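Engineer: Read off the chains here:
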Amino acid sequence: MDSFFRSEEMCLVQLFFQTESAHNCIDELGHLGLVQFKDLHPGTADFQRRFVKEVKKCEEMERILRKQLYFVTFFDKLEQELKEINSNRDTLRQNFTQLTEINHLLHMTDDFFVEVESQMTISELPSEDSVYSSRRASYASTNGSLKLGFVAGVIKHERFPAFEKILWRLFHGNFVLRHAEIKPHQEENMEVFVKKDVFVVFVQGDQVRGKIRKLCDGFHASMYPCPNNAAARKEMRTNVNMRMEDLRLVLKRTEEFRVTTLTAAAANLREWTAKVKKMKAIYYTLNLCNIDITQKLIIAEIWCPVSDLSSVHAALIKGSEQTGSSVTPIMNRIHTQQTPPTFNRTNVFTSGFQNIIDAYGVGDYQEINPAPYTMVTFPFLFAVMFGDCGHGLLMTLLAVWLILHEEHFRKLKNELVDMLVSGRYIILLMGIYSIYTGLIYNDCFSKSFNLFGSSWSVRHMFHPQGPWTNETLHNSDYLQLDPLVSGVYSGNPYPFGIDPMWNIALNKLLFLNSYKMKMSVIIGVVHMLFGVMLSLGNYINFKDVVLKFIPELVFMLSLFGYLTFLILYKWCVVIKSDSAPSILLLFINMMFFDYSSNGAMLYKTQKPVQIFLVVVAGVMVPWLLFAKPLLMYREHKTIFIRFVLMLMNANTQVFSVIYHSSFYFKMNHIKYIQTIFSLQISMGDIFVYQGIHTIEYCLGCISNTASYLRLWALSLAHAELSEVLWKMVLQVALRVTSGMGSVLLAVTFATFAVLTVTILLVMEGLSAFLHALRLHWVEFQNKFYQGSGYKFSPLSFDKMLNMK
Amino acid sequence: MANLSFVIPMSVMTLFWGIIGGVVPWFIPKGPNRGVIVTMLVLTAVCCYLFWLIAILAQLNPLFGPALKNDTIWYMYYHSS
Numbered sequence: 001m002d003s004f005f006r007s008e009e010m011c012l013v014q015l016f017f018q019t020e021s022a023h024n025c026i027d028e029l030g031h032l033g034l035v036q037f038k039d040l041h042p043g044t045a046d047f048q049r050r051f052v053k054e055v056k057k058c059e060e061m062e063r064i065l066r067k068q069l070y071f072v073t074f075f076d077k078l079e080q081e082l083k084e085i086n087s088n089r090d091t092l093r094q095n096f097t098q099l100t101e102i103n104h105l106l107h108m109t110d111d112f113f114v115e116v117e118s119q120m121t122i123s124e125l126p127s128e129d130s131v132y133s134s135r136r137a138s139y140a141s142t143n144g145s146l147k148l149g150f151v152a153g154v155i156k157h158e159r160f161p162a163f164e165k166i167l168w169r170l171f172h173g174n175f176v177l178r179h180a181e182i183k184p185h186q187e188e189n190m191e192v193f194v195k196k197d198v199f200v201v202f203v204q205g206d207q208v209r210g211k212i213r214k215l216c217d218g219f220h221a222s223m224y225p226c227p228n229n230a231a232a233r234k235e236m237r238t239n240v241n242m243r244m245e246d247l248r249l250v251l252k253r254t255e256e257f258r259v260t261t262l263t264a265a266a267a268n269l270r271e272w273t274a275k276v277k278k279m280k281a282i283y284y285t286l287n288l289c290n291i292d293i294t295q296k297l298i299i300a301e302i303w304c305p306v307s308d309l310s311s312v313h314a315a316l317i318k319g320s321e322q323t324g325s326s327v328t329p330i331m332n333r334i335h336t337q338q339t340p341p342t343f344n345r346t347n348v349f350t351s352g353f354q355n356i357i358d359a360y361g362v363g364d365y366q367e368i369n370p371a372p373y374t375m376v377t378f379p380f381l382f383a384v385m386f387g388d389c390g391h392g393l394l395m396t397l398l399a400v401w402l403i404l405h406e407e408h409f410r411k412l413k414n415e416l417v418d419m420l421v422s423g424r425y426i427i428l429l430m431g432i433y434s435i436y437t438g439l440i441y442n443d444c445f446s447k448s449f450n451l452f453g454s455s456w457s458v459r460h461m462f463h464p465q466g467p468w469t470n471e472t473l474h475n476s477d478y479l480q481l482d483p484l485v486s487g488v489y490s491g492n493p494y495p496f497g498i499d500p501m502w503n504i505a506l507n508k509l510l511f512l513n514s515y516k517m518k519m520s521v522i523i524g525v526v527h528m529l530f531g532v533m534l535s536l537g538n539y540i541n542f543k544d545v546v547l548k549f550i551p552e553l554v555f556m557l558s559l560f561g562y563l564t565f566l567i568l569y570k571w572c573v574v575i576k577s578d579s580a581p582s583i584l585l586l587f588i589n590m591m592f593f594d595y596s597s598n599g600a601m602l603y604k605t606q607k608p609v610q611i612f613l614v615v616v617a618g619v620m621v622p623w624l625l626f627a628k629p630l631l632m633y634r635e636h637k638t639i640f641i642r643f644v645l646m647l648m649n650a651n652t653q654v655f656s657v658i659y660h661s662s663f664y665f666k667m668n669h670i671k672y673i674q675t676i677f678s679l680q681i682s683m684g685d686i687f688v689y690q691g692i693h694t695i696e697y698c699l700g701c702i703s704n705t706a707s708y709l710r711l712w713a714l715s716l717a718h719a720e721l722s723e724v725l726w727k728m729v730l731q732v733a734l735r736v737t738s739g740m741g742s743v744l745l746a747v748t749f750a751t752f753a754v755l756t757v758t759i760l761l762v763m764e765g766l767s768a769f770l771h772a773l774r775l776h777w778v779e780f781q782n783k784f785y786q787g788s789g790y791k792f793s794p795l796s797f798d799k800m801l802n803m804k
Numbered sequence: 001m002a003n004l005s006f007v008i009p010m011s012v013m014t015l016f017w018g019i020i021g022g023v024v025p026w027f028i029p030k031g032p033n034r035g036v037i038v039t040m041l042v043l044t045a046v047c048c049y050l051f052w053l054i055a056i057l058a059q060l061n062p063l064f065g066p067a068l069k070n071d072t073i074w075y076m077y078y079h080s081s
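Just so you know, the sequences run in chain order A and V. Each residue of the first sequence is one higher than the one before, starting from 1 at the first, in this note's numbering. Each residue of the second sequence is one higher than the one before, starting from 1 at the first, in this note's numbering.
Quick caveat, the hints were computed from the structure, so don't treat them as lab data. Bear in mind the structure is a predicted one, so any value in this text is a computation, not a measurement. Some hints could be false.
To be verified - Computed spacing ranges between beta-carbons, pair by pair: (1) A/I550 x V/K69: 50 to 60 Å; (2) A/D39 x V/G22: 42 to 52 Å; (3) A/V724 x V/S80: 25 to 35 Å.
Said to hold, decoys possible - In silico EDC-like cross-links for lysine to aspartate or glutamate, where the CA-CA straight-line distance does not exceed 20 Å: (4) A/K508 x V/D71; (5) A/K38 x A/E28; (6) A/K277 x V/D71; (7) V/K69 x A/E28; (8) V/K69 x A/D206; (9) A/K799 x A/E406; (10) V/K69 x A/D482; (11) A/K799 x V/D71.
All C-beta atoms, glycine included, are put in the ideal place defined by N, C-alpha and C.
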């Protein structure tokens, strides 16, 4: 329970387990997700480590699994099958292509033959398809009595003109060439349909035919034997069609089989990928350990939270039981001077906030964790800048939708969506607080609610109570209500939020700016004071209160706490508006001790009080600057006595504790000597550090307070954008009086909605998010947070598998 | 400030946020998340109460009033109380 406010206490533990049970033990620890393995070979390169081959094998398997086609090692048989299937399919496809080509060839050469034969003999059969009858060119110059030989084949469409040209060149026109384009049938859905032409070349003599064959080979045209007479051709065609049907069936079956095998494999794909990832992680972890080859032991060093020691022990026992070894692993907790990693236990709700804190810097070991406070202050500061209950409601609804459908969104595996999903609870809180601040600002899509009745009354400005008459009304475009006239201001402020009268006032910004600026300063000072108070938590741990905490607190309170008091006082007290002093001028004059100008003070004893406060703040600066270094200097005088005492302690430690190797003892001994010498040398360092810290703090107080004015600036921008969208987009359509106004309104509302979402929700949302985050990271955290630790990164299979 | 119409909202809001920040935390059941929930309740109560308080104090003693267009003034004179 305490762990979220401060990082958990960690311990360094040595593990000893047998080599056989190593795999299972680390597997169990990985599932537990609570230990971080320390690298016991920090100097060695990756390829020098013991298990580098196994790691490479795992990486290879991973790569292959990503391609999702083949599986090595476990599923050789499956691989063989798939290979066979694929090669069979290719051959079948090829055969099928050839047969279709033959089919086309036979189909289309029919009329060529008929045409030629008709000039020699009586044609027996009419051409089956008279589609190409238009191609019957009368060719008169054939020698009717000579028997013509022919070559028939299929050539690619684009090569045909070149083919024809070369034939002319070779044979000087002593040939008849007919060609026709193959038009695809509907059922043939080849993946890539290459345009091909059927051609027949009629020539005299056999030698010529040989030449043509060579030419065809050169052009990669496939030649097919084509019988001379029509009957043989018909028979061939029926044969070819039969074979094509058979092949089609076989192809279909092959395809089905392939699909079923692949789907069965794909179902297990995720499981296999997970297994391979785990194995790789385990071998990688084993690389970090020491192997004591003679005794068949593996030595590992882990960082582990103290509260989880028992569960780690249980996991190790479970792991060793799985391998059936009788020797249980040994856990040996060792003390060390090294800084442990920072571990903050988070759940689904808190992890988002912890992430945004860690993005700036992971906290030091056992430092105060700003995350639990950030869970409220960050959405709250966002809401102060966003401040519109209509937009806040939209944001809340978006967050609820993200939360309810988290699984579905994670499956999309889109980076932006992932970011939104992991921040869904942050968005929910931001939306809820925005609704609240929107109600207080009385701003809902730039309109105000009037729930309680306005405190301002126009009626009382007119006669008989007030100065206005009907004539005054006619003479000027606008008039200002005067709170000094009785009854105009009811005396009671609007009970919840800003009075709705201000929404329709022309000088709305004059009032709202003053209100929001003062609000920003008050919120800023409170936030920073909270940060300074939190630093107390860090000091109590390290006993440093008076030297740093008290001067910081007094400095901030005396100057900026007083500023807050001035603001609140001026609000609560009744003053005449012409004699009201400006708070800014009061503050500036206070710093310069300038009390000569017009002399308007807020309260009677203001001058002495202010002088006192400035003097006190002035005293705090040297206190902050010099107290700590001077004290440390005095401590040094006793340092040698301490040194001797430490050495004596170290000697006794040598004999009382048994270490597995003497390596650790030597390290600690050297560390002791080093720390003592370092204390002596760094007096100058301490002065410089303290000087920097003082300047940073004191100047930072002023600049950080001014920095909080961005709360005012962004909320003003948001309100103005919202008003522009209303006045210049939606109101225009609402004022149209003709019948077409409804259509215009529908279109305009669509525009209004799109602009609201993109400009006001997305852009302003991101902007307010960023600025609220900056206020936390810089202005809040530099009061107490160091953020220079390193994060606890345990071996956790859940995290590993969820990341991909 | 002795005016009833100011005292009522003041006390209602103070009581409301006071209960949320000071009373409800005692009723949160013991568990690993108790610290976080209590922190959130207290901080929410403080932040929201402070924000409301600033808004009402800023309007308590106004130094100037709203400037309205004469159409608005005419409408409000004849149609509202």
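Engineer: Quick one: which hint numbers does this structure break? Sort them smallest to largest.
Structural biologist: 6, 7, 8, 11
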